[in-house]
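Asks: Sequence:
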Amino acid sequence: MNQRDLESQIQELVDGNLAPNERTALLAEIDSDPQLLELYWDYVVLEGAFTRLHRSASMLQTEETIISEEQLQGRRKRQFRSSLLATAAILVLGAVLLRLTLVPEDPPILSLQTSPGSLLDISHTLSGEDAPPPGTLALGSRAILTQGTLELNFANGVRSIVQAPADLTLQEEDQLYLRSGVAWFRVPAKGVGFRVQTPEMIVTDLGTEFGVRSQPELYNEVHVFEGKVEVRTLSGVAATETLTIGMARSVGLVGRLAEIDAKPSHFLTSLPESLPHLHWSFDGDDTNKIAASGSHPAADSKDGEMSARGESGAFAPIEGKFGRALLVTGVVGEAPSGWTGITGNAPRTVAHWIKLQPNEIHSDVIVGWGSHNLNPFNWNPAFLIYLRGGSVGTFFGVSFGAYHLQSTTPVDDDQWHHFAVAYTGTVGPDGRPELQCYLDGRPERMAHRVRTDLMSPDTDRGGALAIDTSPAVPGTIPVTLFPDGWDGPRSRRMPVAIDELHIFEAALDEEQVRNLYQHNQYDYESNQ
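Going by this note's numbering, the sequence shown opens with residue 36, and the numbers climb by one from there.
Treat each hint with caution, since some may be false.
[Said to hold, decoys possible] Okay, derived cross-link-like pairs now, DMTMM-like style, lysine to aspartate or glutamate, Cα gap no bigger than 20 Å in a straight line: (1) 298 with 346; (2) 298 with 335; (3) 324 with 519; (4) 337 with 296.
[What the hints assert, rightly or not] Here are the computed distance ranges between Cβ atoms for each label pair: (5) 443 with 279: 31 to 41 Å; (6) 336 with 188: 43 to 53 Å; (7) 170 with 449: 34 to 44 Å.
No lab work stands behind these hints: they were computed from the structure.
Since the model is a prediction, treat every value here as computed from it, not as a measurement.
C-beta: ideal position from N, C-alpha, C; glycine also.
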């Protein structure tokens, strides 16, 4: 039965004109169909309204104005059908408007958020009106993080924290290409199968929490902290292995997977409120175990702790610039950490306070990491901050290996002096590394020197002075305070006091260095 016949039968039912058997069948159908029941009640309400109107009209009618019952019912049906059509149109229009105003657009495949001080450059394959909104990536989009930290949130619930320097591309909705960077991933149940590809391997999630290190100067690594993943190498023997909680692998020679220790301390699991850094205040009671603080993941582990070794009495606590400081007494000793430092040409800032007695000739490395094993492929494998003394005083120095800088202001006056060097990770038009040194919160003029005597005879000495601090491979040195033996054998050391050592995985600007000098906080203004 079509809609018009149903409406006609309902009208006949309301008017009392249906035969008993038709009436029983129609009532049963209305009772089983909510839409017919609603239509029936509309007719009943309309019938009552027209009945009251008819009675009122009957009291006022004359012979010339009488409307027949047949005319009234016909008009009643036409008005009801018009009312239904109008109501339907209004409902359809309302549904369209409701969808346009209340239903949100599909979320982006990948949204981004950076920590304060981060430097991020994003490029897209789409442009103009087709480009994705700010702070998001579409398929093919690329993000290069020069410094700082980046949080990734995928539409499928996957969350990641990426540390600079990093270069990543969104290949698929569930696949990220991590050309370089250190990244932690948390994958929920609905994201199982998520993949991370690096130049050396593909990691496929099987419901887990894991970390990936993709650094040009190191073998790529995967560390599993929960659940399991499958890792497959992309060259050589093309090895495949399933890893579970607590397991880690690096891609070794010819594509083989080598067992390594899982290191949660290598990865951030939340977006920090500051640039990644380590801070040794020297305020603790134990001068043999010097703890670190800061937003770098190594700060929450033994990796950031410096452990003194050497002759007894090499270090002693004294009053410092901020709280207590550490006195290197002159007895041979050093304090290495477990942290491997900042490698390659990544940006960095090292800052600290130093106090020297006058009329002493000092020649000491203050802090450094890397390797002194020069080779034809890398003649800048170590990074050092040192003191160099002479007949006219003692000066701060910076060494990247064969490339040296030395300050022009003597600092051996029994006063606290603040020194900082900020390297951007780039090379200037003159081929020299772009960096700035600061003494007591102000830019310091530095003398440049290239130690050609330290370079291999096979090294190309022309062109840019490429910085490439060696990674933590056998034979290299982790971050060490007053590393012993880096300047060759020496019979004795001069007393040196050090306070508030900061190492940032970023190049601080002049204002930030000045805040360190004045307030011992690089982001002092934002904390007020």
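Asks: Could you check the structure against the hints above and give me the numbers of any it violates, in ascending order?
Replies: 1, 5, 6 and 7
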